[in-house]
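Protein chains in written order, with this note's numbering: chain Y, 1 to 86; chain R, 1 to 230.
Worth flagging that the hints you see were computed from the coordinates, not collected in a lab. Just so we're clear, the structure is a prediction, and the values are computed from it rather than from any experiment. Please note that the accuracy of each hint is not assured.
One side of the interface only, derived from the structure: several residues of chain R facing chain Y at Cβ under 10 Å [to be verified]:
hint	residue
1	M172
2	N180
3	Q181
Note that the Cβ used here is the ideal one computed from N, Cα and C, for glycine as well.
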Amino acid sequence: MAEDIQAKLEKYRTAPFDARFPNQNQTRNCWQNYLDYHRCQKALEAKGVDVAPCDWYKRVYKSLCPLSWLEKWDGQREDGTFPGKI
Amino acid sequence: MAHPSQLGFQDAASPVMEELLHFHDHALMIVFLISTLVLYIIVAMVTAKVTNKYIIDSQEIEIVWTVLPAVILTLIALPSLRILYLMDEINDPHLTVKAMGHQWYWSYEYTDYENLGFDSYMIPTQDLSPGQFRLLETDHRMVVPMESPIRVLVSAEDVLHSWAVPALGVKMDGVPGRLNQTAFIASRPGVFYGQCSEICGANHSFMPIVVEAVPLEHFENWSSLMLEDA
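This is chain R alone, in the form it adopts within the complex (with noise of 0.2 Å):
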């Protein structure tokens, strides 16, 4: 999960959020490089004693500082639309849940079997047990079960809201009347920390996601009783 001072991402919890941090590694890296020869030859040119003042033209350096940036972005998009193509695949998902966001509140519902739903309301600061994450902690979770491919299906029932879980790489907008579908696989048990991602109102910064991955088991325990308890 987030934690102060973090500069880079949250570690991944599913396989295409690896993805995107490596691509991000890969594209930081040109762009270190890149700017450490600017910034090098400006001082190089800033710096030097002697200067040439009757440079007409060179084609040799013309070539070079056209055919490397077009190598250079080539190095870039490849990897790019690699993954944009592999977060388009289809799945076959194993279980869907809905997300549906309210001001300002998810809730939660699971209907492939039963119909399984609640609300996930924000644990205010004053009501926090010691060790819980303050505006992050939620009443339920979203539990899934892990290393299953979930289908979920974002709406919202008044305004603009958007889920989002940087820790699985998924971020999609909760639109009232529209069914919005997007994908994940938590490559491992953990517990995913997300806030709402569109201006939806006064607490909008208060109607945090946390998403449960655990064991097969575990998950059917849990809708049992969350069944039980509705």
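So that you can see chain Y by itself, here it is in the shape it has in the complex (with noise of 0.2 Å):
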């Protein structure tokens, strides 16, 4: 399991296309897999299991995401203030 992401990782050009998001918005896209890194973290962390197989949520929302997005999450998320459920 490991290795196949490890593998994935490897041959990461850009996020591939995402059936659950077919067509033009992809705002969901980027929100997504921003939630999903995040909850992968904290999911792992808390079992003490190594996190790297989150790092595919994490290329893909930061391939995805605007830059002035993801400073402005990240800045939520330390504030406590951030919307969505992690």
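With the hints as a guide, dock the two chains, each given alone in a separate frame, to form the complex.
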């Protein structure tokens, strides 16, 4: 499992087509991957397991999300005002 | 690129734009043929010396001028739908670039590997070098590798903008809080110009877009240089 993720990450070029978000509006794609990364990180850290599998979500949201959005959300998470459930 | 007294489209720089260009030629030819026919008929009617005031009906001509337009419309609709579905095909992009509209400049982000971001302001007319294009040149261009599918995510930081490059057949609105996806393949290397296409304030006409398509190695060199300069 971890090796598959490693292999996928090594071959990563850009965020691939995601059938959950097939249309023009990719806002949710960025948002979902951001949430998924932080949820994955929180869950795996709680279990005491290596968080490396979460890196896929991080690569995807870094590819898709504008930097200003990421700065804003990171700030909100630090302040405790982030609107998503992590 | 655009030139003075231009009548048609700019030369296509992407496969989709080529298709659109050929479709436009096809549809315009049909328009010219119909217009010529109608004009001829009008002139023929007006200049006719003998007229028949007692025509009640004619089944044959009714059938002709019902079936023929239906056929013509089908001849227009089928290529049109073909292109529509072609543009909607799922593609597997090699690179993602984010184009963010601001008042009044674009900023581009290449974040697949490192965090590369830069602003792209129009070069003011008084600062142009000889040979550069007025109101179209920018200080930094959006450089992309040629012959690769590129995904562009367009958004805006303040008001509505629109990212358009006619030679690539691309136009996508930049909406604050929304990420609009479009894609293109630059079939040949070159420099392609566009302008903001949604009214966004005083300098809406002065925030152009320049896409430079280069071979992959040049793109890799350029991105390394840009990262160093940042």
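Requested in this report: Kindly indicate which numbered hints from before are broken by the structure, ordering the numbers from low to high.
Outcome: none
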